[in-house]
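4 protein chains.
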Amino acid sequence: MMNADLSKYNVRTDLALEAQEMATQGQQNGQVPGVWSESESADGITISRMEIKDEQGAQQIGKMIGHYVTLEVPELREGDTTLQDKVATSFAREFEAFLKRIGINKTSSVLIVGLGNWNVTPDALGPIVVENIMVTRHYFELMPDQVSPGYRPVSAVAPGVLGTTGIESSDIVQGIVERAKPDLVIAVDALAAKSLDRVNTTIQIADTGIHPGSGIGNKRKGLTKEILGVPCIGIGVPTVVYASTIVNNTMDMVFEHMKKHTPNTDPLFGVFGKMEENERLELVKEVLNPLGHDLLVTPKEIDKFMEDIANVIASGLNAALHEAVDTDNVAAYTH
Amino acid sequence: MMNADLSKYNVRTDLALEAQEMATQGQQNGQVPGVWSESESADGITISRMEIKDEQGAQQIGKMIGHYVTLEVPELREGDTTLQDKVATSFAREFEAFLKRIGINKTSSVLIVGLGNWNVTPDALGPIVVENIMVTRHYFELMPDQVSPGYRPVSAVAPGVLGTTGIESSDIVQGIVERAKPDLVIAVDALAAKSLDRVNTTIQIADTGIHPGSGIGNKRKGLTKEILGVPCIGIGVPTVVYASTIVNNTMDMVFEHMKKHTPNTDPLFGVFGKMEENERLELVKEVLNPLGHDLLVTPKEIDKFMEDIANVIASGLNAALHEAVDTDNVAAYTH
Amino acid sequence: MMNADLSKYNVRTDLALEAQEMATQGQQNGQVPGVWSESESADGITISRMEIKDEQGAQQIGKMIGHYVTLEVPELREGDTTLQDKVATSFAREFEAFLKRIGINKTSSVLIVGLGNWNVTPDALGPIVVENIMVTRHYFELMPDQVSPGYRPVSAVAPGVLGTTGIESSDIVQGIVERAKPDLVIAVDALAAKSLDRVNTTIQIADTGIHPGSGIGNKRKGLTKEILGVPCIGIGVPTVVYASTIVNNTMDMVFEHMKKHTPNTDPLFGVFGKMEENERLELVKEVLNPLGHDLLVTPKEIDKFMEDIANVIASGLNAALHEAVDTDNVAAYTH
Amino acid sequence: MMNADLSKYNVRTDLALEAQEMATQGQQNGQVPGVWSESESADGITISRMEIKDEQGAQQIGKMIGHYVTLEVPELREGDTTLQDKVATSFAREFEAFLKRIGINKTSSVLIVGLGNWNVTPDALGPIVVENIMVTRHYFELMPDQVSPGYRPVSAVAPGVLGTTGIESSDIVQGIVERAKPDLVIAVDALAAKSLDRVNTTIQIADTGIHPGSGIGNKRKGLTKEILGVPCIGIGVPTVVYASTIVNNTMDMVFEHMKKHTPNTDPLFGVFGKMEENERLELVKEVLNPLGHDLLVTPKEIDKFMEDIANVIASGLNAALHEAVDTDNVAAYTH
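In order, the protein sequences belong to chains V, Z, L and G. Quick note on numbering: the first sequence equals residues 54 to 388 in my numbering. Quick note on numbering: the second sequence equals residues 54 to 388 in my numbering. Quick note on numbering: the third sequence equals residues 54 to 388 in my numbering. Quick note on numbering: the fourth sequence equals residues 54 to 388 in my numbering.
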């Protein structure tokens, strides 16, 4: 099976949406048994919801059983604050619905974990989000009688990365969970994208947690319900892309482009043009790797892009987690 | 007893040296039963070592039984990098001796905890130190055979503050200690000073850990051997001072100044001039507090002062903790 | 004359309002010949407008002939974003009226100069404001036909300080004015306060420019119409205060406090209590200075305070300078 | 002529060395009339010196008449501080020799201009260098008799970018030059690279100044002797690369790689494999541009890379410009 073959390769995507696209490529109806999905678009925002229901679906897609929501906003890098507010509101609404769908109730306490490295801009998503989260847990601990209705206990930590702490972030989070005893962990992380146009324009929500090797850093242990003892929702944004991925994607686009003009592109691209995408990627990597050229890269304007998308997520979480925080003015709670 | 009276007041000092000075004020020989102390000065650095040996000494000084070392460097705010290097080297030597004195051996694993708030400059001592620590624990965990001799496992975390995480930093550290299992915790924290000239010129080392209410933030739980299960050394630097303390200190200096010229200062200062220091401080606080004027303040140049002293401590710790890191070029390991 | 005597002393205030208060202290009606003033309070914001009309008024107040507006917002340090938005709106309205009063029309081009040092938090007011200014001059230069109505050409620079550039900021600004040819310069600067409660709660607008020795840094040349060839409005915020000023102010407050309870405070404070304020200040400085203790200090939370007030000023300027920018949503234009 | 053809294309390189390589590609001896060049390698540092002597040479290379020095340090991104110190020393030595070669004497006053945008990490080279420059001009102005021998007047400014100031940086610098009257301007700027491995590993020195359209930002006016009235040396570091450039370079590498194994690659790559490099680049751009995919990208670790190379340049300049600053301990003058 082609799909099975594909899953053999490391497709270098942390996004279920991309995995699904690859799995259904060339198929008629785009339906995969054991997988439910729907999507809608409005105001420049495409929202895709997917549930991988059983092992068969998981096999086909190459992703774990679970719920996935993806927001795609191609114009999100344009710096348009009106659009950013809309995305924050959409994110809040989706996240609230997501919590309901997976059975988290409105008073459950939440620990938000901002994974990644402060000092590496494209890896700083988690820490920047955490900095803009409205934390309330201490009010519930210190003066439970005085907390207004419409809030739940929220705490937030940025555990750092192995290279700067000497401790697996997974271990740090486990230790904190054991002491702070949240009902739910939400882990925010930067991801590697499968194409440059995904970078800082896509947000994924998944109830499958964070897995070893996912995200930008080299995690060796994950953050999952098995490890933490409480459910873990992962929020991921692609912020970097491999040079080899850029090359491979672009060659695809070049081939597609030429095909529009020339029915038979064989003389144009020879064997190279007929390679499977993954074969070609392997070839590109084979050439770039020994030279140390297969770097992870990020757009020049990454500082601004990170600030913008982190604010969208933090605003959205603040509104989704606290009923008293209105999705209409959600952006007011961050800076 | 005057000393007993003094200890009743909150003297607002986290420094054992200041507590000792207050306890021995007006005494002949400056010796307190149950307390051993010595001090030496060279190159603009005064090093004071003290041991409070028993409950009687603790009562007299108003500090816990334990070992204390203080480095005073009045010129440390001048921005002289040569002096900073000397202080880092002195600190390293003192810290190494301190570890030996309290029975920590050369291979014990260490977790360095940087208390305080990244976003509040005078409270950022801990986080800045942590950022410049050479962490090695992960090498010992992942490839123990390949670690060169002369290193020990060191890890480092900045747990944040209650107001931004929603969790007591003490709880976070406890959770991390339970997972990372260090033999020793070293907690770095910013303190309130009893006088403006102490600010960013004094470093205290103590094996009594961090206690509730000490430091700048409002800690309600401490970091001690009792809580953590392993010894905890506190490293503290005064970085702020109360407005009321400035007023009180200055009035003292004004009185002293006038006494040099005028034998009888009664007509000059009346009752005010004859008040006990603490009485006067209470009066000043009584006036300032209701108006919200008793702020904690810090020198205008605090950004640079914090960077300099944090580098001194980080360099010193790197050299003291790893035999392979030389105290001669200790400054090279931080930036 | 007492007032004349007062002006002899360096009263260490850059605020006309404080100068006026000192000048009218002890007077019946608070009116000074040659000086017009009015003030109003609402929503926790007190606005004082003053015009020093002639040389006599200038002599009395100890400030130059010119227009002055001061906003005092005692609660501005509380972190209340609703109040901050109100202050931004008030500031915008006052600034717009100020421009009209001094004859600047709605299409005049403006250069905003952010004085001060990026790396010294309490001196970074100017640079932070500049970073949040909506600049438009380049659109007028590059595509004048396409600029929407309701905007004027605005440019903004942060010239740095003598210690980091090696050039007087006044010289840098002069050079830029000669090339960019604005009709008006607005210079934003941090000031030394005469009391701790002024710090980051007061904003002054004046059409007298920036004068040598004012502000926190040691300026030797000013920014005035004489030097620049175009009018210069100074916007100032006190962000630091001398330790000696804190002491002196507090002693005043102590004396006042005691007087409420004890009609005759002579036995309480002796000669000291009867000194002129300036005499006492000189005494305090005489004691603190030789010890290097008369530091400029700033509240511990200065990072947040600076960000808040800089955003108020930047939002206010954006709304005041561009008709198309609405004072209702003025805060949306900064981050 | 192939070379002439090449110069027609925008080869998107600001580096004379790359221009030379392209000009001599496929030639026997690599010599171009009117161009002198030499290079040497040691300790992982390759230094290339070139002089374009006449119009013929300029035509051939596609660069202006002038002196060029390039330092290539492929390992410079590894974070090795010993190597960084060596590069700083080499840079200082080369820069000193460069000044001598172009006739700048040891007492000439220098203005260092850090071009680029503080808030865009890969464009912040100039501002970061400026922050680490030892400025001395004000000492010469304020107390000329007290300046120790071995120093010259150095000033340094970061003029910002058009998008944040509203004024061309060239205009700002012109204005400052007219007031500060330096004998020489040194402009530091970030460049776009022609290949990913150049990014933050290459430093170019040239006495041809900064030209419109060079660097990362969209400059419309340059910094040259003609404009400024004094000589202008440009120091440039490639910090970003176009996605299309990555694709094109990689395809070259893939072709080269395959040629080693297969003498005739025609069946492998068809027409595509036989295209001229520039033709292929145009094709790639044609495909990527309409989709907004031809982004400028930078390595994920750009924050650290910028800090490292900016320190190398600042240290090198400090040592090269002041005889009293020793190239042996050059790194001590920056932080």
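Calculated from the structure, these hints are not laboratory results. Hints may be right or wrong, so weigh each one.
In silico contact screen, one side only, chain G against chain V (beta carbon under 10 angstroms); selected entries [stated by the list, open to error]: (1) His310; (2) Gly326; (3) Glu330; (4) Leu349.
Since the model is a prediction, treat every value here as computed from it, not as a measurement. Using N, Cα and C, we set each Cβ at its ideal position, and we do this for glycine too.
Hints that the structure is at odds with (numbers, increasing): 3
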